[in-house]
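Top line first, the protein sequences correspond to chains A and B.
For the first sequence, the numbering used here gives the first residue as 10, with consecutive numbering after it.
For the second sequence, the numbering used here gives the first residue as 6, with consecutive numbering after it.
Source of the hints: derived by calculation from the structure; they are not laboratory data.
Just so you know, these numbers come straight off a predicted model, no measurement behind them.
Check the hints yourself; a few may be wrong.
[Unchecked claim] Derived pair list, reagent style DSSO-like, types lysine-lysine, alpha-carbon separation capped at 30 Å:
1) K279/A with K52/B
2) K51/B with K154/B
3) K279/A with K284/B
4) K292/B with K278/A
5) K154/B with K249/A
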Amino acid sequence: MHFHIGPALGRIRLPLGPAVVSAILHVVLLAIVVFSASMWSDKRTKPVYVVLAPATAAIGSPKGVTMPPRVEEPPAPQAAPQPAPPAPPAELPRREAPRDLPARDLPSRDLPPSRDAVALPDRTLPARAPARLRPAEKELPTLPNTQPTPTPTPTPTSAPARREASAAPPPQPLGAATGSASGAGPLTLNVSDFPYAYYIRQVAEKIRAQWNGKAIPGQQPAVIFEIRRDGRLSLAAIDKSSGNAYYDQVALRAINDAGPFPPLPEEFKKPMLRIGLQFVFDPTGG
Amino acid sequence: MRRIAIAVLFAGLAVATTIGLWAPPSPVRAQAPPDVYINVTGGGSKKLNIAIPEFTVVAGTDGAGLAKLIPSVAGNDLTLSGSFSVVAGSDRVPANNPDALRQIWANFVAAGAHVGAHGLLTFRGDRTETEVRLYDLTAPDFRLIATRKFEASAAQPPTPGFDWRRRLAHRIADDIVLQFTGELGVADTKISYVVGPSGAKEIVVADYDGVGMSPVTRNGAINLSPVWSPDARSIAFTSFMNGYPDLFRLFPFEPRRGVQTLASFHGINSSPSWSPDGKSLALTLSKDGNPEIYVLTVQSGALQRLTRHASIDTEPTWSPTGQQIAFVSDRAGGARIFVMDRDGSNVRQLTTSGFHTQPRWSPKADTIVYTQREGTHNLWAITPGGTNARPLTSGQGDNQGASWAPDGRHLAFQSNRSGRWQVYMMLLDGMETTQITSGAAESTSPSWSPRLP
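Working from the sequences, and respecting the hints, build out all of it.
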């Protein structure tokens, strides 16, 4: 098939001015469409949110909590009172959270809970978790017993794995698996994506140790970095600038100085672990 | 043609704009979303609580008692690492019983454990195979993190201070530190120090934790300032064994190998510091009148003078890059720390106003530790740029003579805080101080070895 511009058409003078206006309008319209599409796209982020600021306070104080062994056994008497994580957050469809929480929203969302928690003295933190979990006791006492526990699969996003997480409560000290950054526990995580709380804790501790003393009051940046299987840092870059190049550089340097990190857990199969990190200035901290 | 060009231009513009909008604003975002998000705020450091139940014998006979010894020794190593708290527990893990192991982990979790390490021992003749499994106890299913294997042989030739069982435990501990912190531990190291009254001082070698002390000089003279070579096979030291302060080298793990004389010039031959490549020593000689710093090439005996000054220049310490040497000089009044390039050029003053000796450059390069006289002595740290001077000890007796562990995180030093000179270790932030020698004899002048070969 061939298209020819006929002589008649060829003689018509092109309306250059309107064409330019039209082109600009098209571009602008396209920009709006694309931008809003990217805003609403849920493919971009499927993150696990970990609010780690006060986590160690709770991590360090699990004494007195009796953990039921996780269970192929008949229901132990102590299994029933064992608090399970609240059902609603656990049942949330995974994709809801990312939709509400594109990376650029992180700071504003995470700030309030961590500030609250930081302000709390250490010893009050453990008390919070049971209080928050109590309703779940009424609702879910039989779950661990009625549901035969499938063998733990490393496939992170499968529904059974998710339900399992809510059925068998994670150890008290780590807080609850909520799948959302808005969990009230000092450390909230979704066990289905990167279920190695010890690892996140160690990484955060190493960065915290480097960043302490370099903390600057003011807006802090969000950083993205990757850890190789052997624990070496492979990439660190500003994800969301603080608006101040110096603060950005201080944060990047803290991450570079914090490495090497622990080798990735053997059962985590990806070649890299990709971490989004938000620095939060805490005037009372270190 | 013109019209086509314009049409193409518009189309191209639209396409380019679209691509530009779709393209991520930074290279980072072009890739996958993060697997995990973290918030980091300031705050004090916290230790990881680790449980190490008795190891389980899978095959053979545990004649050496490793099932109990390894958790005990490695547990102490992890405590000394400064990164772990060991959760006590005396549970015995039966072989091939996952349910029993789960119950034991549950008990440790109740006692506060975050992670667990459990070993399986297989004995075959002289050989011992140890499989160490690390678990994340914060995960609901006590997730396996890593499986590590170690081999050791009881048939290793006996050398002074070498206990293969303890060494196996130290290696396991170092690996656990690596798995949880990203940096190898320093338990598989030795410490050399000087023991004895003022009449005779002998040099000894012990495990870094002070256990298994064994003398490596027996000459009845005064032997001083041992310094491990970078390959951890030899120790340079000053000895009066021939009546004068000369510099020697001994090989602690080769009992039949004699002492080698490094420098016996007229006057003082002292304060050796190995170059990072182990081929040269910086040292102090007074053969030309007053103490000056020289570099001695060990193989050839070639000598290069670095300082020329009417004041005292002494106690050189090499930077880990080999490019610079810090030293003590009183050319600016009291004893202060100076830094010069490896050839003696570009001398600059590092510390001011005070009396500073015994500089020791961190193997991580970012810190120089020194001794400050302030009534008694205390250990201080400063950056090689001369900033961030800060005390590491204070108010606890007299503290001197720091020596870096190979991780650049731990320091050994001597202190008389208990009433008698003993060797201690601490972290670079001055925390976690632990006494590692004891007894009636005074222990001084520690040198922490590099990681053993």
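| request: Identify every previously stated hint that the structure contradicts and give their numbers, smallest first. | output: 3, 4, 5
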